[in-house]
Amino acid sequence: MIGTVCGIIVGVLLGVLAAYSEKGNIKKLDTSDRTIKKTHKLFFLYDYEEEEKYLREMHRSGWKLLYIVMYTYVFEKTEPEDVVYRLDFQSDRSQDKAEYLQMFKDYGWEYIQDINDFSYFRMPAKGVSEEETEIFCDDISKLELADRVAKYRLFPVMTTFTAAAVSNFIRLLCEYLNKPTHSVTYTIMFTVCTIITLFITTIYIMVIVKYIKKKRKYKKRSLK
Amino acid sequence: MDNRIKRVYIPMSETAFYILFCLQQERHGYSITQKVKELTDNEVIITPGTMYGTLSKMEKDGLICFVREEDKRKLYRITDLGKEILDIEIRRIYRLYKNVRGEEK
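If you're matching them up, the sequences are chains A and B in order. Oh and the first sequence: position 163 is 162 in numbering that gives the first Met the number 0, straight run, nothing missing. Oh and the second sequence: position 50 is 49 in numbering that gives the first Met the number 0, straight run, nothing missing.
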């Protein structure tokens, strides 16, 4: 019983840590002389388009993104401007990073940082055509982006994690049902584990649904 | 030629076609975009995410090869396999064009 509970808790902690482990070089900035605003936002795997919109909206209202750490968005007060933000995901980056970043720079994109293999870029929208504010110019490459995220994040990481949480929970449920009487602590722990498992499963299903929706949208459009 | 290569690249998207077409001369990503803009009167604009993905994919499939590096930019050129694919595509597009013209007469 204790073992199972510990298993679930350690699993959750590991999952949270995995989500938090942020690769890349976050610029250590001296923020003492700046006006800073911090927001906490949770964007899941397939919310990158919503995240792009959010960051653009913030910049438009005078808050320029400095960096992101642990789901905390740190902004600096700036002149309101229409700046487009874009996210790319390249986990199988066999070529070196410098070459990748140079290519985006050539097109006028400023690189901000990497989080979990997502690279953040921005570019002022003024004087640039609508097409040039995109980093993917056809639906095939948008579809490929969704597939890359699935191949390197959704399936290997989230699926394993959710499966582990659910199988642990089933073990716990069997134990619970087999015992005739339950102490208060046991019941509380059981309830907490149930809530955590339900939460993890819900997020997993949400992400899967979003992936399927994205795939459908771009597939339909690329067939036109 | 590998059947998989044929299935993936024929018919080709306009973006992929222009990238392969431009690599008959050695170029890097951004210079391909510039060339395509010039060729299409700014109608076809290839953006960096798509460019990076397409170049990686074509290099992996052996349609293009890395030639050299210049100021952190990788220059590529079409391979014999790439030329074969491009020829098939050009013939296909030419036939399309001929048939369209024929209908108009």
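The reader is advised that the hints may include incorrect statements.
[What the hints assert, rightly or not] Derived, one-sided and incomplete: chain B residues facing chain A with beta-carbon distance under 8 Å:
hint	residue
1	Pro-10
2	Ser-12
3	Phe-16
4	Arg-26
5	Gly-48
6	Thr-49
7	Gly-61
8	Arg-72
9	Leu-80
10	Gly-101
None of these hints come from the bench; they were simulated from the model. Even for Gly, the Cβ is constructed at its ideal location relative to N, Cα and C.
Each hint tested on the structure:
1. Annotation: interface hint on Pro-10/B violated; nearest CB of chain A at approximately 12 Å, more than 8 Å.
2. Contact between Ser-12/B and chain A, as hinted, is supported at the beta carbon level, the nearest pair being about 6 Å apart and thus within 8 Å.
3. Hint status for Phe-16/B: violated, given a least beta-carbon distance of 12 Å to chain A, over 8 Å.
4. Look at Arg-26/B: its Cβ only gets to about 12 Å from chain A, farther than 8 Å, so that hint breaks.
5. Taking 8 Å as the C-beta contact cut-off toward chain A, the hint placing Gly-48/B at the interface holds, the least distance being around 4 Å.
6. The criterion of a C-beta within 8 Å of any C-beta in chain A is met by Thr-49/B, whose closest approach is roughly 4 Å, and the hint holds.
7. Given the 8 Å rule on beta carbons, the hint for Gly-61/B is violated: about 15 Å separates it from the nearest Cβ of chain A.
8. Because the beta carbon of Arg-72/B sits about 6 Å from the nearest beta carbon in chain A, less than 8 Å, this interface hint is met.
9. Annotation: interface hint on Leu-80/B violated; nearest CB of chain A at approximately 19 Å, more than 8 Å.
10. Checking Gly-101/B against chain A by beta carbon gives a least distance of about 26 Å; that is not within 8 Å, so the hint is violated.
Figure legend: structure checked against the earlier numbered hints; hints not met, in rising order: 1, 3, 4, 7, 9, 10.
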